[in-house]
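Here the protein sequences come in this chain order: A and B.
Positions 57 to 393 (my numbering) are the ones given, in order, by the first sequence.
Positions 6 to 379 (my numbering) are the ones given, in order, by the second sequence.
Hints may contain errors.
[What the hints assert, rightly or not] Distance condition first, Cα-Cα at most 30 Å in a straight line; then the derived DSS-like pairs of lysine-lysine:
id: 1; chain 1: A; residue 1: Lys185; chain 2: B; residue 2: Lys320
id: 2; chain 1: A; residue 1: Lys75; chain 2: B; residue 2: Lys275
id: 3; chain 1: B; residue 1: Lys275; chain 2: B; residue 2: Lys320
id: 4; chain 1: A; residue 1: Lys186; chain 2: A; residue 2: Lys284
id: 5; chain 1: A; residue 1: Lys284; chain 2: A; residue 2: Lys75
id: 6; chain 1: B; residue 1: Lys275; chain 2: B; residue 2: Lys113
id: 7; chain 1: A; residue 1: Lys186; chain 2: B; residue 2: Lys113
id: 8; chain 1: A; residue 1: Lys284; chain 2: A; residue 2: Lys185
I should point out that these hints are in silico values taken from the structure, not numbers from a laboratory.
Remember, predicted model here, so these are calculated numbers, not experimental data.
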Amino acid sequence: MSINHALPLFLAQEDSWIKFDLEALGSQFWNSTVEGLSQGSIYALVALGYTLVYGVLKLINFAHSEVFIYGAYATWFVFYGLGFRPGATPDLPVMELIGFLLLALVAAMAISGGTAVALERVAYRPLRKKGAPRLVFLITAIGASFVLQQLLFIWRGGNAEQAIRLLRPQEVFSIGDASVTNITLIIVVASVLMMVGINMFVNRSRLGRGIRAVAQDPDTATLMGVNKERVIVITFLIGGLLAGAAALLYMMKNPQGASYQGGFLLGIKAFTAAVLGGIGNLRGALLGGLLLGLAENYGQSLFGGEWRDVVAFVLLVLILMFRPTGILGESLGKARV
Amino acid sequence: MTTPDTASRRSLGEWWSNLSRPQQWLVLIPVVVLIYALPVLNPPIISTEPGFDFQIAMFEVARYALVAIGLNVVVGQAGLLDLGYIGFFAIGAYVAALFTSPDSPLQKLPFLAVIPLAMAITMVFGIILGTPTLRLRGDYLAIVTLGFGEIVRLVADNVDPLRGQSGFQQVGHPPGTNDDGSALFNNTDGTPWYWLTVTVIIAVLFLVGNLERSRVGRAWIAIRDDEDAASIMGVNTFKFKIWAFVIGAAIGGLSGALYAGQIGFVNNQKFDVVTSMLFLAAVILGGSGNKVGVILGAVVVAYVPLRFLVIAEYKFLIFGIALIVLMIFRPQGLLGARQRLLTYGRQAYQRLLGKGEQVSSDTALVVEKNGGAR
Chain A
57 MSINHALPLF LAQEDSWIKF DLEALGSQFW NSTVEGLSQG SIYALVALGY
107 TLVYGVLKLI NFAHSEVFIY GAYATWFVFY GLGFRPGATP DLPVMELIGF
157 LLLALVAAMA ISGGTAVALE RVAYRPLRKK GAPRLVFLIT AIGASFVLQQ
207 LLFIWRGGNA EQAIRLLRPQ EVFSIGDASV TNITLIIVVA SVLMMVGINM
257 FVNRSRLGRG IRAVAQDPDT ATLMGVNKER VIVITFLIGG LLAGAAALLY
307 MMKNPQGASY QGGFLLGIKA FTAAVLGGIG NLRGALLGGL LLGLAENYGQ
357 SLFGGEWRDV VAFVLLVLIL MFRPTGILGE SLGKARV
Chain B
6 MTTPDTASRR SLGEWWSNLS RPQQWLVLIP VVVLIYALPV LNPPIISTEP
56 GFDFQIAMFE VARYALVAIG LNVVVGQAGL LDLGYIGFFA IGAYVAALFT
106 SPDSPLQKLP FLAVIPLAMA ITMVFGIILG TPTLRLRGDY LAIVTLGFGE
156 IVRLVADNVD PLRGQSGFQQ VGHPPGTNDD GSALFNNTDG TPWYWLTVTV
206 IIAVLFLVGN LERSRVGRAW IAIRDDEDAA SIMGVNTFKF KIWAFVIGAA
256 IGGLSGALYA GQIGFVNNQK FDVVTSMLFL AAVILGGSGN KVGVILGAVV
306 VAYVPLRFLV IAEYKFLIFG IALIVLMIFR PQGLLGARQR LLTYGRQAYQ
356 RLLGKGEQVS SDTALVVEKN GGAR
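Build the full structure now, drawing on both the sequences and the hints.
Shown next, in the form of C-alpha cells:
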C-alpha cells in the first residue's frame, strides 16, 4: 500500500508546524518574563473570583468569565461616554487621566459585581434552596454563561469593539533587554495590592472570618450564628468586584479586548491559574496566575505564538492529572491557629 | 405523581413496560416506518421549507440524535460530565477527510472503510484522554474534557497538514448511483444520508441497549449513583468508566465521519466549544440517561432553529435559558431516566402483584443528595 510512502511524507512536514526554538526562548527570556507577569497578574485577579466561590460553595462558577467581560464592556463604554473615540491615544493631564481611569474602575467593578450578585440570585440560589447536586449547579452555570454571552452578542454583534486607549505605553525602566512600560507596572502593582488587600480582608476581618467559617463547614458555621446566605452573596460580590478591576487592567493592556467571546478564553485560563495554585486558596491564585502567565509566554517563544493557548490547556490537563489540589492545596476553609 | 401531567406520563411508561417484547415491537415497527418515510412525506406543518431544505434538516436532526446517544452513554449512563465531546466528533470528521479527500496526501480509502477506521481512532483518543483523567470527578473532569476539546480545535487550527481554514474539499461518500449516473450520496440531497444515519442510530441503539442491560450497564449505573459505594462493592470503576468513555468516543467519531461525508468539506471552523455545549444541551434537555429522552432533546435542539429560522439567531440564548430553567424546575430533563428491574425481576413483579413495577425517575444528576453543593 502506498500509505507507506505517504506517511513519512506526512510526518516529514512535522518540523514546519511546530518548532522547538530554545534560542528564541533565550533571546526572548526577559520580554516573556515581563509580559508573563503582567498577564499573569490579570489571570490571578480573575482567578480569585473562581477560588472564593469554589472555596465557599464548592462550585466552579463557569459564568465568571462573563462577569469579567461585562466589566470590560463597562470600561469601554465609560471611555466612549467620556467622548473618547477609537484611534490615537489622547494627551491627557495626569490628574484627569487618573480621574477617568478611576471612573472606569468604579463602573467596571459595579457592573461586574452586580452581574455576579444577579447571577447568584437568579441562577444559583433557587438550586441551593432545593439542595440540588453539584452537577446541576455546573450545568446551570454553563447555561448562565451562554445567556450572558449571547445577550452581549445580540446587543453588540460578533465583532470586538474597536480599541480605545487612554494611556500611552511608555518605558519606565528596563530589565535585561525588555522594557517595562508604565502600563505593565500599573497592572502588576495594582493586582498585587488588591490581592494583598483581599487576603487581609479574608484573614483579618469579621466578614472574612465568616467566609472562612462557611468554607470550612457551612452547617456548623450557621449554628455559630454566621448568616450563610449573606456570606455567599458577599463572596460572589467580591469575586465580581475583582473581576471588574481585572477588566479595567485588561482593557488597558488589550484595548481591543471587549468582545462577546473574549471572556471565555481568559476565564478558562484564570480557572487554570486557580487550579494551578490550589483552588480555594487565595495565595494560590496569585502564585498560579503568575506561573501560568510565565509558562504561557515562555511556551510561546519556545513553540511559536499559535501554540500559546495549547500550552495553557495542556498545563491544565497535566496539573489536574498529577496534582488535582494544586501547588498549595485547597485551604480557604483550613483552620488557622 | 400529584400533577395529572406526570401521572399520565407515568402511566404511559407503565403501559409500555407492561407490554411484552413482541407487543412492543408491534408498536415500534409502524413508528420506525413513519420515521423512515419522513423526508419523502415532507409533512406540511413539520416541514422546514421554504426556509431550509427539509431533507437536509432531517439529516441534521438525525446527526444530532446520534451524537446525543453517544454523549448519553458518557453523561447519562456513567455520569461523567464531558464538555469536550466535540473533540471526538472533530477527530471523526478529520479522519474521514484525511483518508478520502483529494486534498490529503494520505492513501485514499473507500468511505465505508473509513467509518470503522474513524471509530477506531476516536476510541484510541478516548483511551488517551480517559486513562489519565478519569480519576478526576465531577467538575474537574468537566473542565479537563473542555480543555481536551479546545486542544483538538487548536491543533486543527495550527497543524499545517490539517489545512486550517482552507480545509479538505470533496470528502468521500458511500458508493451507489442514481439512475442518471450521479452519486446517490451527494451534498445536496439529504434523504439517503438521513436513511443511512437512522439505520446507524437503530444499530447503535441495539448495541447500547444491550450494553445497558448487561453487567457493563449496571456497573455504569452503580458508578453514576455512588462511585465510592460501587468501588467498595467490587465494581472496577476505572475500567467501566473507560468503557463508557471509549464507546461514547466511538459514536462521536462515527457521527463526525457521517457529517463530514454529507457536508463534503471539513475545516477548523465547526468544532468550537459552543457546539459542544449544544450537544450537551440536547442530552440534558431531553433527560440524560434516557435514550428516548436524549433523542427527543436532540430533535428539539437541531430541529427548532431550522424550523423557526427567525429564532435561529437566538438559539444559544434560548438553550441557555432553557438549561437554567430546566435545572431549577426539572433537573432530570424532559423525560427522566427510568430505573427498572431487569427482565426476570419485572416478570416476577407482575406475577406477584399483578401490576407493573414502579419506575423511579431519578437521573444521573440527582445523586449525592446530601454531599452536594451547599
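Hint-by-hint comparison with the structure:
1. A:Lys185 / B:Lys320: Answer holds: lysine 185 (chain A) to lysine 320 (chain B) is near 29 Å, not above 30 Å.
2. A:Lys75 / B:Lys275: 26 Å, holds
3. B:Lys275 / B:Lys320: 16 Å, holds
4. A:Lys186 / A:Lys284: This hinted pair holds, its Cα atoms lying about 15 Å apart.
5. A:Lys284 / A:Lys75: 52 Å, violated
6. B:Lys275 / B:Lys113: This hinted pair holds, its Cα atoms lying about 23 Å apart.
7. A:Lys186 / B:Lys113: 56 Å, violated
8. A:Lys284 / A:Lys185: 12 Å, holds
Consistency with the previously given hints fails for numbers 5 and 7, ordered from lowest to highest.
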